[in-house]
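S.K.: Below are the chains, spelled out letter by letter.
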Amino acid sequence: MNDQPDLNALMARLGDGDRSAFGAVFRLLWPPTLRLCLSMLKNDADANDAAQQGMEKVFSRASDYDPSRPALPWALAISAWECRTILRRRSRRRETPEEFADEPMTGAAEDELLRRNLTRAAVEAMGQLSDADKETLIATFWDETAGASGATFRKRRERALQRLRDAFKRMYGIA
Amino acid sequence: MESPELKESERRARRAYEAARLRRAVVAFAPILLLVTATALVGHRFGYTLAFGSALFALGVTLLWYGRSAKQAVLPGVAAGLVPLLFALCARQMNHACGGDRCMIFCVPACLAGGVVAGIVVGSIGVRTRRGFGFWLAASGVCLLTGAMGCACVGLPGVIGLALGYMLTTVPALIAARHAVWPETKGIDP
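For the protein sequence lines, the chains are A and B, in the order given. Residues in the first sequence are numbered consecutively from 1, following the numbering used here. Residues in the second sequence are numbered consecutively from 1, following the numbering used here.
Because the hints were derived from the structure by calculation, they are not lab data. All of these numbers come straight from a predicted model, not from anything done at the bench. Be careful, since some hints might not be right.
Below are the EDC-like pairs computed for lysine to aspartate or glutamate, each with C-alpha atoms no more than 20 Å apart in a straight line [stated by the list, open to error]:
| id | chain 1 | residue 1 | chain 2 | residue 2 |
| --- | --- | --- | --- | --- |
| 1 | B | K7 | A | D46 |
| 2 | A | K155 | A | E124 |
| 3 | A | K155 | A | D166 |
| 4 | B | K7 | A | D44 |
| 5 | A | K155 | A | D131 |
| 6 | A | K155 | B | E10 |
| 7 | A | K57 | B | E10 |
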């Protein structure tokens, strides 16, 4: 995570129009973006597509980057949004996953379906949160402190999680 | 070694970055088109005003797209350029025996005076904020093109008057800035 301050400075330079920072920012952002997409989509091809689209979104919004905030959670929040879009598209394409449609459910298949549905529901609920909350939760996922001190970050995380629970409860009636 | 797919991803991200910057630059500088239209309607030389206005729009969009200190020169340049533009348009509307291109009563002196004031504005910003040569160049380009839209109604003498007035105050400020600021940034005592 020593790259983090460099990434912030490089992203600020890129946002200001310094093209010499482009390659370095791309190389620093690509691996965590791809990991995030893989963890959310569980499919290499979809993850690559989402990471690609996420990177395009991140770089097209580079001029909006606020240098007072950490760059990695900001970029990952944008990429997570792309993954969520792909997940929604996927769920619209097949409301019931076809791999389970023709065969009787085994215990493992049921668990897998349940896990997928839960992931999808959590991602939907996360879409209801503010960008700052999303960044905090993604930073928690990646074990980042988002540039804030430990106590501040813990407080932020607690609030973001509470809001995620509230959103989940509002949408699905359970928490 | 980077894979061809990763190279392609980087190329696509770069294209998205440049396209987004260009889009933002066009949107940010679009209001200047209103100024160009208004000046063309109020002034008497539609063709010249449109030519200077188009050049101003192209330059402004390029500077905003490029970014860095060039981007920061656009607003001061336009603000300073509004002075000679308004001076020239007001002089033209004043009740006097205007001789067109040779109007030395109000029009050409107004352009000269506008250029002097614009030069003071750009010079003071450049010296106070300790900007580099790129800023001076960009701000001067934007300022002169903005002012020229108004001074074009007097023809070439108006534009020359604007440029002379501008140089009269900018050149000393530039020399002062060079001696006071740039050696300091290079680590040389002024």
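S.K.: For each hint, tell me whether it holds in the structure or not.
M.R.: Status of the hints after comparison with the structure:
Proposed proximity of B/K7 and A/D46 is supported: the alpha carbons are some 18 Å apart, at most 20 Å. At roughly 23 Å between alpha-carbon atoms, A/K155 and A/E124 are farther apart than 20 Å, so this suggested pair is violated. A C-alpha spacing of about 17 Å is found between A/K155 and A/D166, which places the hinted pair at or below 20 Å, so the restraint holds. A threshold of 20 Å between alpha carbons decides the hint, and for B/K7 with A/D44 the separation of about 18 Å falls inside it, so the pair holds.
A hinted pair counts as satisfied when its Cα atoms are at most 20 Å apart, and A/K155 with A/D131 qualifies at roughly 16 Å. The straight-line distance between the Cα atoms of A/K155 and B/E10 is roughly 37 Å, outside the 20 Å bound, and the hint therefore fails. Distance hint between A/K57 and B/E10 is fulfilled; the C-alpha atoms sit about 12 Å from each other, no more than 20 Å.
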